[in-house]
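A.B. asks: Below, each chain spelled out in residue letters.
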Amino acid sequence: MSESTMHGEASRRDIPGMAYALAFSVLGGFALYFTDDMSTLGAVFPQTIASALIIFSLAYITQNLVSPGSVHPVSGEGSWARRGLLIAVMLVWVLSLNWLGFIAAGVLGFIGMILVGNYDAWSLRRVLVYALVSALIIGGFYTLFAVVLNVPLPPPRWL
Amino acid sequence: MSWSFLLAALTPFNLMLAFIGVGAGIIIGGLPGLSATMAVAVLVPVTFGMEPASGLIMLGAIYTGAIYGGAYSAILVNTPGTPSAIATTFDGYPMAKRGDGDLAVTLATLSSVVGGLTGAIALLTLAPLLATIALQFGSVEYFWLAVLGLTLISALSEGATLKGFMGASLGLLLSTVGVAGVGGDVRYTFGSSLLLGGVEIISALIGLYCIPVLIDLVATPDPHLRVSDKAGGFRLREAMSLALRSKFNMVRSAVIGTVLAILPGAGGSIASLVSYSEARRSSRHRERFGKGEPDGILATESANNATVGGGFIPTLVLGIPGTPPDAIILGALLVQGVRTGPELFTENAAISYTFIYGLLFATLLLLPMGLIIGRYAFKSIIAIPKAILAPTVAFMTVIGTYAIRNNTWDVLIMLVLGVVGWFLNRAGFKPSPIVLGLILGPIAEQGFVQAVLMGQAQGAVLPIFFRGPISWTIVAIIVVATLYPLIRLALSHRRDPGEVSENE
Amino acid sequence: MKTRLVTTLTGVLASLSMGAAVAQSDFPNEDLSYVIPFGPGGESDISARLQQEYFKDITGQEAIIEYKPGGGGAVAWSQFNDMPADGHTIIGTNLPHIILQPLAKDVGFETSDLNNFYFFHYSPDAILVTADSPYETLDDLVDAAREAPGSVTLSGSGTYSANHVAQTRFDSLADITTTYIPYKGTGAAVTALKSGEVQAEWGYSTVAANHQGDTRMLAIASSERHPLFPDVPTFQELGYDLEGGAYRGMAVPQGTPEEARQRLSDIFQEINEDPSFVERMQELGFFLVDVPADEVDAFLAERQAEYEEVARGFDLID
Chain X
1 MSESTMHGEA
11 SRRDIPGMAY
21 ALAFSVLGGF
31 ALYFTDDMST
41 LGAVFPQTIA
51 SALIIFSLAY
61 ITQNLVSPGS
71 VHPVSGEGSW
81 ARRGLLIAVM
91 LVWVLSLNWL
101 GFIAAGVLGF
111 IGMILVGNYD
121 AWSLRRVLVY
131 ALVSALIIGG
141 FYTLFAVVLN
151 VPLPPPRWL
Chain F
1 MSWSFLLAAL
11 TPFNLMLAFI
21 GVGAGIIIGG
31 LPGLSATMAV
41 AVLVPVTFGM
51 EPASGLIMLG
61 AIYTGAIYGG
71 AYSAILVNTP
81 GTPSAIATTF
91 DGYPMAKRGD
101 GDLAVTLATL
111 SSVVGGLTGA
121 IALLTLAPLL
131 ATIALQFGSV
141 EYFWLAVLGL
151 TLISALSEGA
161 TLKGFMGASL
171 GLLLSTVGVA
181 GVGGDVRYTF
191 GSSLLLGGVE
201 IISALIGLYC
211 IPVLIDLVAT
221 PDPHLRVSDK
231 AGGFRLREAM
241 SLALRSKFNM
251 VRSAVIGTVL
261 AILPGAGGSI
271 ASLVSYSEAR
281 RSSRHRERFG
291 KGEPDGILAT
301 ESANNATVGG
311 GFIPTLVLGI
321 PGTPPDAIIL
331 GALLVQGVRT
341 GPELFTENAA
351 ISYTFIYGLL
361 FATLLLLPMG
371 LIIGRYAFKS
381 IIAIPKAILA
391 PTVAFMTVIG
401 TYAIRNNTWD
411 VLIMLVLGVV
421 GWFLNRAGFK
431 PSPIVLGLIL
441 GPIAEQGFVQ
451 AVLMGQAQGA
461 VLPIFFRGPI
471 SWTIVAIIVV
481 ATLYPLIRLA
491 LSHRRDPGEV
501 SENE
Chain E
1 MKTRLVTTLT
11 GVLASLSMGA
21 AVAQSDFPNE
31 DLSYVIPFGP
41 GGESDISARL
51 QQEYFKDITG
61 QEAIIEYKPG
71 GGGAVAWSQF
81 NDMPADGHTI
91 IGTNLPHIIL
101 QPLAKDVGFE
111 TSDLNNFYFF
121 HYSPDAILVT
131 ADSPYETLDD
141 LVDAAREAPG
151 SVTLSGSGTY
161 SANHVAQTRF
171 DSLADITTTY
181 IPYKGTGAAV
191 TALKSGEVQA
201 EWGYSTVAAN
211 HQGDTRMLAI
221 ASSERHPLFP
231 DVPTFQELGY
241 DLEGGAYRGM
251 AVPQGTPEEA
261 RQRLSDIFQE
271 INEDPSFVER
281 MQELGFFLVD
291 VPADEVDAFL
301 AERQAEYEEV
311 ARGFDLID
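Residue numbers (my numbering), protein chains in the order written: chain X, 1 to 159; chain F, 1 to 504; chain E, 1 to 318.
Calculated directly from the structure, the hints in this document are not laboratory data. It should be emphasised that the depicted structure is a prediction, and the values quoted were computed from it without experimental measurement. Treat the hints with care, since some could be wrong.
[Claimed, not checked] With a Cα cut of at most 16 Å, we get these calculated EDC-like pairs of lysine to aspartate or glutamate:
{"#": "1", "chain 1": "F", "residue 1": "97", "chain 2": "F", "residue 2": "216"}
{"#": "2", "chain 1": "E", "residue 1": "105", "chain 2": "X", "residue 2": "37"}
{"#": "3", "chain 1": "E", "residue 1": "105", "chain 2": "E", "residue 2": "308"}
{"#": "4", "chain 1": "E", "residue 1": "56", "chain 2": "E", "residue 2": "270"}
{"#": "5", "chain 1": "E", "residue 1": "105", "chain 2": "X", "residue 2": "36"}
{"#": "6", "chain 1": "E", "residue 1": "56", "chain 2": "E", "residue 2": "26"}
My request is simple: use the sequences and hints to build the entire structure.
C.D. replies: Below is the structure:
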C-alpha cells in the first residue's frame, strides 16, 4: 500500500479495494468451477452467489475506474513487526493445540503475546507480576472450563 | 396466571439462581471470545439436578445476562458476544474510542432492561396469540427475510454499498462450505475433514471482529480507549436523559426485537439490525449514526434483549426453538421429562409461568448488576496494560471458540478469517456484511430450495415465491430499502443541484 | 535395538494391564467420556442423558457427555479413532447416518471404521399430520398421492436421513410418488407441518410424543404398536413392510480391548433392561431394542443391505 493511497486525497482510485475486488472475482470463478461436482439443487445457491460476487466485484472496479470516489482512510502507523509477530504467535499457538495440548500451547502462546504486546521496560518486578497474572488467568480459565464445566480441552499428544 | 406462580418464582432458591445466572451470564457474554450460546450449552448440565422451573429460571437468567453482556465486548473491544450484538459495535466502539465508553455501557444497560422487560411481558401476556405469527412464516417468507437482512446490511455500508454487497456475497459463499443443510452435498471441503463442519458462525464472528482489534492493539503503545474527564461515575444521569429523549426509539426497537424473535432461526440475528436501520432512518441526525450516536446503542441493545423473551414464545408455546440457546434449553426440558409443545402452557403452566416471572425478575436485575459490573469492566479494560490485555483476549478467543463445538479446527478457521478480515477491513470491507452473509446464507438457501421443491410439487415454481401478503410485504420493504438511498439522493439533488452527494 | 525392545515390552505390559484391569471388573475405573456427534438438545443428547443416570448407579462412575457437532455427525465420527482406546471413551452412533453418509460422499470415515458395541433404541419412522388434517388414515394419503403424483408434500429432517429413507422406501412399497421437502432438523419439519406449508411429515414417534396436542400419526414403522400410542397402526399391519427409523448405538475407538468392549455392552444392556429406564424412554416416544456386542455385525449387515437398496434409488451408488 503506497503512501498516496493511505492519505486519501492524492489518488482518488481505491487501488487496494480494486485489487481485492479482482481477487474476489477470481475467487468467484473458482467457486463456480467447483460446483461441477454438486447435485443440481446443491449447486444452485453457490452458483448464484459466486456469479453475484463476480458481478459486484467487476461493477466495483468499473465504478472506480469511471468515477472514483473517496478512499477509505487507513492508519499506517504502528509497528508492522509486532503485528506480524502477533499473527505468527497465534498461528503457532492454534496449530500446536492438538499436539502440545491446551495448557502447554496456551502457556507458550500467552507468553508470546506478552512479549509482542509489551512496550514497558522489563524489570524483575514486572516479570514476576506478569508471570503470576498469567498463571492465574490460564489456571482460572482451565479450571472453569475443563474441571467445572467438563469441556474436553485438547490433551497433549506428544507424551 | 395466578399469584402462586409469582410467589413460586420468588423463592429464595430461585432468586439466588436468577442472581447467579445473570451475573455469570453478564461476565461470560462480556468476555470477548465467549458467547451466549456457549454459556448456555456448558451450563445446562448444572441444572439437571434442579426442579424444571428452577433450572429454566437459571438458564433464562444466564441467557439474559449473556445477551446483555455481549454489549461490553462489542463496545469496549469491538467484538460482539453474539450475532445479536453486531449492530451494537456500529456506534458502541466509536463511542468508546472517543472516551464515552462508560456512557455507552450505561446506555446499553438501560435499553437492555427496557427491551428485556418488553419481551418478557409479551411472553407473559400475549404468548399464545403471538406464537401464531411463527406459523405464518414458511420457507418462502424466510427466504425473503434473509434477503431483507442482507439488503439492510449492505445498505448500511454508507457510501460503500458495493463493498457491502461483495462482503455479503463472500459470507454467503462461506456459508456453503461443508455439508449442505438440504440436499446433502458436501461442498468446498476439498476432501479434508477440517472444513466438513463448515464455518461455524460464532468462530467467524469472533475472528472477523476480535482478531483485527488484537492486531492493531499491539501495534502501538497508546491506550486502547480514550477516557473522558467525566469518568468515575456511571454517567447515569446523562444516560437517563438521553434514554428518556429516545424513549420511542427504545420501545419501538423492543417491539421489533420481540416480534422478529418469534420467527424461529432468522429473527434474533436480524432484529437488532432492523431496529438500527429504522432508528437511523427516522432520526433527525442520521449522519451521526456509525460514528458514536447514543440512539444507535439504545436501539440495538433494546432489540436484542427483547429477543430473549420473544424467542421463548415459539419455544414454549409451539415447542419450536426461537434461537440456538432456546434449542438447548428446550432439550434440557425434555431431559427433565417435561413435555414441550402446547402442553407447556396448559398442563405444565406452573413451570412456564414460574419461569416467566423468574425471567422478568432476572431482567430487572440487569439494572443494578449491569451498572456495577459494567463499571468494573470499563475500568479494567482501560487499566490493564496491553501486555496483559492482548494475551488474555487472545486466550479467550481460543478457548471460547474451541468450547462451541469442541473442535480445534474451528479455532484455526477463526484465526484465518480474523487475519483475512484485518486485511479486508483496511481496504474498506467491513466484517458485518460477511458475518451476516454467513448467518443468513443457510436460511436463504434452505428457504429457496424448499420453495422450489414445493413449487415443483404444485407445478409452478415462480408463483410460490409471491404467495401471500407476508411475502409481498417483505419484498416491498426490500425494494424500498434498496431504492431509498437513491431516492434521497435524487431529492437532495433537486433541492440543491450541484451539492456534493452526501454518501460518497 | 535396546529401545525397540523396551518399547515393545512396554506396549505388551500396557495392553496386558489394560486387559487385566477390565477382566477384574475394576473397569470402568474412571469417568467415561461419552461423545455426542450433535449439539445439545437433540434426541441423541436426551437418550444419552437418561443413560448417564443409570450408568452412574451401575458403575459408580460418571458418564460425561461431550458435544462435537458438525457435518451431521461426520466431524465427530471421522475424528473418533484418534481418541484414547482404553475403553473409557465412547461415541454415540446413528443409523442410517453412519452407513449412508460414507456411501453418499467423502466424509472422512467409512462405516467399518466405527467399532460399534451396542444399539439400544430407535425412533420409529412415522407419518404425522395435524390434528385437523383431511387425512384420517394412511390410505387417504396414499389415494391422494395416486391421484396427483408428486403433489403430496411431506416435510422431514435432512437429506439422505432416516426420514428421507423412509419416504423413499414407502413410496416404492406403495407405488406412489410424493415430494419430500427437507428441513434442517425435526423442529423445522414440525413447524412446516403445523403451519400448513406441507401436508404431512415424515417424522418419528418421538415427535408425536412431544406434540400430542395438535398432531397425530397415520402409521408407525415399528414391529408392534407403541405403548404410548395404542391406536396408531403399524405400517406392517396396513400391509407395508416398513420397519425402522433412526437407530442409536454406541461405539469405541478401534484398538479398544475386546474385554472393555464386551463389558461396556453388558453395562448398557443392563441399563436398557431397567424398568424405569424403559418407561422413561417410552414416555418420550422411543422404541427400545437390544443388539449386544456379538450381534452388532449381523445387525449392521442387515441395515447395510436395506440402505444400499435405497441408496441405489437415490443414485448414490450403482
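A.B. asks: Evaluate each hint against the coordinates.
C.D. replies: Structure-based check of each hint:
With a C-alpha separation of about 13 Å, the suggested pair residue 97 of chain F and residue 216 of chain F falls inside the 16 Å cut-off, and the hint holds. Taken as a hint, the residue 105 of chain E and residue 37 of chain X pair is honoured in the structure, with Cα atoms around 11 Å apart against an allowance of 16 Å. At roughly 14 Å between alpha-carbon atoms, residue 105 of chain E and residue 308 of chain E fall within 16 Å of each other, so this suggested pair holds. Pair hint residue 56 of chain E plus residue 270 of chain E holds up; C-alpha atoms about 12 Å apart against a cutoff of 16 Å.
Straight-line distance between C-alpha atoms of residue 105 of chain E and residue 36 of chain X comes to about 15 Å, which keeps the hinted pair within the 16 Å bound. With a CA separation close to 14 Å, the supplied pair residue 56 of chain E and residue 26 of chain E stays within the 16 Å bound.
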